[in-house]
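**Student:** Sequence order for the protein chains is Y and G. Under numbering that gives the first Met the number 0, the letters of the first sequence match residues 0 to 114, in that order. Under numbering that gives the first Met the number 0, the letters of the second sequence match residues 0 to 114, in that order.
Just so you know, the hints here were simulated from the structure itself, not pulled from any lab data. Check the hints yourself; a few may be wrong.
Treat identical chains as interchangeable: a pair holds within one or across any two.
Claimed, not checked - Mimicking EDC-like on lysine to aspartate or glutamate, the simulated pairs with C-alpha atoms at most 16 Å apart in a straight line are:
#  : residue 1 : residue 2
1  : LYS86     : GLU101
2  : LYS102    : GLU41
3  : LYS3      : ASP33
4  : LYS3      : GLU65
5  : LYS3      : GLU101
6  : LYS67     : ASP42
7  : LYS102    : GLU65
8  : LYS104    : ASP27
9  : LYS67     : GLU20
10 : LYS97     : ASP12
11 : LYS109    : ASP42
12 : LYS102    : GLU79
13 : LYS4      : ASP33
Protein chains: 2
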Amino acid sequence: MLEKKFIFSVLYDYYGDLLKENQANIIDLYYNQDCSLSEIAEDMNISRQGVYDALKRAEKSLIDYEEKIKLYEKYEKYSEAAENIIKLVSSIEGESNKTIAEKIKVEAAKIINEG
Amino acid sequence: MLEKKFIFSVLYDYYGDLLKENQANIIDLYYNQDCSLSEIAEDMNISRQGVYDALKRAEKSLIDYEEKIKLYEKYEKYSEAAENIIKLVSSIEGESNKTIAEKIKVEAAKIINEG
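This is chain Y alone, in the form it adopts within the complex (with noise of 0.2 Å):
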C-alpha cells in the first residue's frame, strides 16, 4: 500500500497541468511543500473549509484522470520490466559482456527515472 502523499504527489506531477490553478496550487501546497490547510488558508486568503473541499475535488479530479489514462499504471509496468532487466543482466557471465551489462543497466535506469 503506498502512502497517499507519494500517490498524490505522483498524480500532480503527471496531471497537475490539467486542473485549475488554484486546485493545482493547494495540491502542491499540501503534499508536495507539507503546508498545513489553516497554512494554506491563510496564504490564499481563503477559509480552512474552503481549501478543505478544493482539496478534495483536487484529488477526484486526479484519481479520474488516473482512471482515465492510467499513465501511473503504465509506468509502473515499464518499470517493473526495467528493474527485471537489471536484475537479469547482473547474472550475465564473462569478462566480454561487462561493457554491454553496463549499457544495458544505463538504458533500463532511462526507463524507470523518467517516469
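With the hints as your guide, set chain G onto chain Y.
**Tutor:** Positioned in the frame of chain Y, the structure of chain G alone reads:
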C-alpha cells in the same frame, strides 16, 4: 515525420476517454475506421461542416492533452531505451548467457508493446 492518421490514432488511444462522447466517436470513425466526413455526417445525422468542426476541436483537445501530459513523448523515450536494450542484448557472448538474453528481450518487449 509521422503520419497524421497514426498520431491521432495513438492520441485517441491515450486521451480518448477525456473527450466528449461525440468528439471521441468522430475521431474514432475518421482516424480508426477510415470513414469520410460525409459518411460520419450521415451516420450521426449532422451536417458535414458540423462533423468537420467537431473533428478539428477534438484534434485540438488531443494535442492540448499531449502538450500537458506528454504520454506519447514519454512512451517514445521508453521505447527507444527498450529498443537499445534489445540491440545490446543481441551482442552478448557465450552459450551460458543465452537464456538470460532471451529473458531480457521478453522484458524489453513488454515496454515496447504495452504503449
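**Student:** Against this structure, judge whether each hint is valid.
**Tutor:** Tested hints:
In the homo-oligomer, the alpha carbons of LYS86 and GLU101 lie at most 16 Å apart both inside one protomer (12 Å) and across protomers (14 Å), since each shortest distance falls under that limit. Proximity of LYS102 and GLU41 under a CA criterion of 16 Å is satisfied in neither setting, with 51 Å inside one chain copy and 55 Å between copies. For the homomeric pair LYS3 and ASP33, the shortest alpha-carbon distance inside one copy (13 Å) is at most 16 Å, but the shortest distance between copies (43 Å) is not. Proximity of LYS3 to GLU65 under the C-alpha cut-off of 16 Å is restricted to the intra-copy arrangement: shortest distance 14 Å within a copy versus 26 Å between copies.
Proximity of LYS3 and GLU101 under a CA criterion of 16 Å is satisfied in neither setting, with 35 Å inside one chain copy and 38 Å between copies. Within a single copy, LYS67 and ASP42 get their C-alpha atoms no closer than 33 Å, and across copies no closer than 27 Å, so neither meets the 16 Å cut-off. Neither within a single protomer nor between protomers do LYS102 and GLU65 lie at most 16 Å apart by alpha-carbon distance, with minima of 33 Å and 30 Å respectively. In this assembly of identical chains, LYS104 and ASP27 lie within 16 Å of each other by CA distance neither inside one copy nor across copies; the values are 33 Å within and 39 Å between.
When the C-alpha separation of LYS67 and GLU20 is checked against a cutoff of 16 Å, the pair qualifies only between copies, where the shortest distance is 14 Å, while the shortest distance within a copy is 21 Å. Proximity of LYS97 to ASP12 under the C-alpha cut-off of 16 Å is found in neither arrangement, the shortest distances being 36 Å within a copy and 40 Å between copies. Taking CA atoms no more than 16 Å apart as the test, LYS109 paired with ASP42 passes in neither setting, with 38 Å inside one copy and 46 Å between copies. In the homo-oligomer, the alpha carbons of LYS102 and GLU79 lie at most 16 Å apart only across protomers (14 Å), although the nearest pairing inside one protomer, at 18 Å, exceeds that limit.
Within a single copy, LYS4 and ASP33 get their C-alpha atoms as close as 9 Å, which meets the 16 Å cut-off; across copies the closest is 44 Å, which misses it.
Comparing the model with each numbered hint stated earlier shows that hints 2, 5, 6, 7, 8, 10 and 11 do not hold.
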